[in-house]
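Enquirer: For the record, the sequence lines run as chains A and B.
First residue of the first sequence: 1, per this note's numbering; consecutive thereafter.
First residue of the second sequence: 1, per this note's numbering; consecutive thereafter.
Simulated from the structure, these hints should not be mistaken for laboratory data.
A few of these clues could be false.
What the hints assert, rightly or not - Under the rule of at most 30 Å between Cα atoms (straight-line distance), these lysine-lysine pairs were calculated in the DSSO-like manner:
{"hint": "1", "chain 1": "A", "residue 1": "K164", "chain 2": "B", "residue 2": "K280"}
{"hint": "2", "chain 1": "A", "residue 1": "K185", "chain 2": "B", "residue 2": "K217"}
{"hint": "3", "chain 1": "A", "residue 1": "K50", "chain 2": "B", "residue 2": "K275"}
{"hint": "4", "chain 1": "A", "residue 1": "K177", "chain 2": "B", "residue 2": "K217"}
{"hint": "5", "chain 1": "A", "residue 1": "K133", "chain 2": "A", "residue 2": "K50"}
{"hint": "6", "chain 1": "B", "residue 1": "K389", "chain 2": "A", "residue 2": "K185"}
{"hint": "7", "chain 1": "B", "residue 1": "K132", "chain 2": "A", "residue 2": "K82"}
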Amino acid sequence: MRFSRLLAAAIVLLAASASLAQTPTYSNVGRTPTKEEIQAWDISIGPDGKGLPPGQGTSKQGEAIYTAKCATCHGAAGEGGKIGPRLIGGKADLESLTTIRPARTIGGYWPYATTIWDYIHRAMPRNQGGTLKADEVYALTAFILAKSGIIQENDVMDAQSLPKVQMLNRNGFVPQKFSDIPDEKKRGCHEGVCP
Amino acid sequence: MNTKQTDRRRFLKSGAALAGLAVGASTGAGPLAAEPVPERIDELHLYGERSHFVDSVRIGSINNPERHLENEPSAFGLKTPLQDSVGMLTPASLHFIVSHGFDPPDIDPEQHRLLIHGMVDHPLIFTVDELKRLPSVSRFHFIECHGNSSTAGPGGVTRLALNATAQDTHGFTSCSQWTGVPLSLLLKEAGVQKGATWILAEGADPNKHSKSIPLAKAMDDALVAYGQNGEPVRPEQGFPLRLVVPGWQGINNVKWLRRIDLVDEPYMAMMESTKYPTLKLDGKSRWFELELGPKSVITRPSGGHHLSVNGFYEITGLAWSGGGAIRRVEVSTDGGRTWKEAKLQDPVARKAHTRFSISWNWNGEEAVLQSRCTDDQGVVQPSLAELAKLRGADLEYFRTLTANVGDFNAIQPWKVNRDGSIQNALF
Chain A
1 MRFSRLLAAA IVLLAASASL AQTPTYSNVG RTPTKEEIQA WDISIGPDGK GLPPGQGTSK
61 QGEAIYTAKC ATCHGAAGEG GKIGPRLIGG KADLESLTTI RPARTIGGYW PYATTIWDYI
121 HRAMPRNQGG TLKADEVYAL TAFILAKSGI IQENDVMDAQ SLPKVQMLNR NGFVPQKFSD
181 IPDEKKRGCH EGVCP
Chain B
1 MNTKQTDRRR FLKSGAALAG LAVGASTGAG PLAAEPVPER IDELHLYGER SHFVDSVRIG
61 SINNPERHLE NEPSAFGLKT PLQDSVGMLT PASLHFIVSH GFDPPDIDPE QHRLLIHGMV
121 DHPLIFTVDE LKRLPSVSRF HFIECHGNSS TAGPGGVTRL ALNATAQDTH GFTSCSQWTG
181 VPLSLLLKEA GVQKGATWIL AEGADPNKHS KSIPLAKAMD DALVAYGQNG EPVRPEQGFP
241 LRLVVPGWQG INNVKWLRRI DLVDEPYMAM MESTKYPTLK LDGKSRWFEL ELGPKSVITR
301 PSGGHHLSVN GFYEITGLAW SGGGAIRRVE VSTDGGRTWK EAKLQDPVAR KAHTRFSISW
361 NWNGEEAVLQ SRCTDDQGVV QPSLAELAKL RGADLEYFRT LTANVGDFNA IQPWKVNRDG
421 SIQNALF
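I would like the entire structure built from these sequences, with the hints used as guidance.
Expert: Structure below.
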């Protein structure tokens, strides 16, 4: 009895190690990263908010951070400068998309608010990406959204509220269904040209 | 136009002329004498340099060639001097650069790692040396920015400029022999889980550029490249690792590759969801256009060149397609009334620049030179009018739009004037 139980355990162990040993085709090339290593590098935020960390911020908090860390490049009121593009804009920019002078601002063009958080966090301030704390990134995101007329001044942005923000141009992209994107047929492409 | 910049441009042109571009310029042969030996000869024996008589360089936006050399790096990039090109390979030192205003990082390859994680059975982390131990491939592939040929910037809209050279109009494409590990091999090692449909590739540059790519393409022919034209990938091209995604918009070819995350949806990263979608007339945008259509351009003689005498000239240029190999190139010297089949020079590789050539005798009269290619899927490069029709637009739209027109692969006409000067004749 004892023996057979041990045997069963051994077989399970053997099977497990066999499946592990089978998987790498190339012996001893690369290693398994630690959880901490993955966590430190895994900074991407999905359009549904996947990956957003705890924290929160409002437009008012964002304004002070903006003045200190962003205004040099993007202008005192987010109007854009020599290095940084314009950050503030909304409905008028959305309406410009059918003209010969389209303005692709965050408020008037970007489909997902999560992209604002992701990009500020990874890349801003210029050449100092990754230095802002989560609260600061939420606050700056709220600042841009509020000044662009998309959320209210007092709205709190956090991991729950940010993905729910309805961007003005959210439905301005084709194909709308993600699963249709890599499918040339569903996109109606003809001879390499997709309408 | 700024005079100083115009002078700089003229200088570049005359430099090109010295290098032998102004065909037909003749000087008498002098008596044979020993040529001078370059200084620094010992140094040059260690790592070579081109002759100091050759000064073809990458330049930025039209009418403002110096902007990248003097100012902060800008979002508009530096273009390959295609009008000086020979063969189908671009020297790595002249490969176009678009880094969206960020400088290339200075990465120690010993410290660099590639992480593969997300929806995989076994997350893996590799050193560059470990990647070099794996089975490798070397393949010719072009990389082209989706804004090539339609760039709009502070200097104006390139497609309209009469003085545009092939560099101005088409310089955001370059072709290299890339050496590295097929991405499919690495993904199989990690064991992709059911439900994963996209990869998210990310670089180690200051803005950590990230790009969502459908898993099917990643498994098909994407490459984690450490080599470019027989040496390590250049710093401004992604040293030590670049993801090469053959035939797809340049933005997918993530430089300084550090991380690949297996995911179940496109992550709507900044570039792909806000900068690279193409606006349509109705205000909607096509996003993730991905594959680039068939395209060609005559590189010699082309805009800015000067024919000094009438007589024989070889017309030569480059053709490429994201759909596969180039099957044929036709050339017209009469503004598109008649076409003749050009010769394709070896190698003719899939999703690579292909060099074509055809003989021509210039009779001293006005002529309009243009090329049109067909890829092995049977897709033919469109004329400007055909492209406009495909996009539901008219020529006026392309003329007046102040923005880029993505994936602009229209046939490029060059007008040869009676005085031998050559200009952009797209409009």
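Enquirer: Compare the structure with the hints numbered earlier in the document and write down the numbers of the violated ones, lowest to highest.
Expert: Structure breaks hint 7 only.
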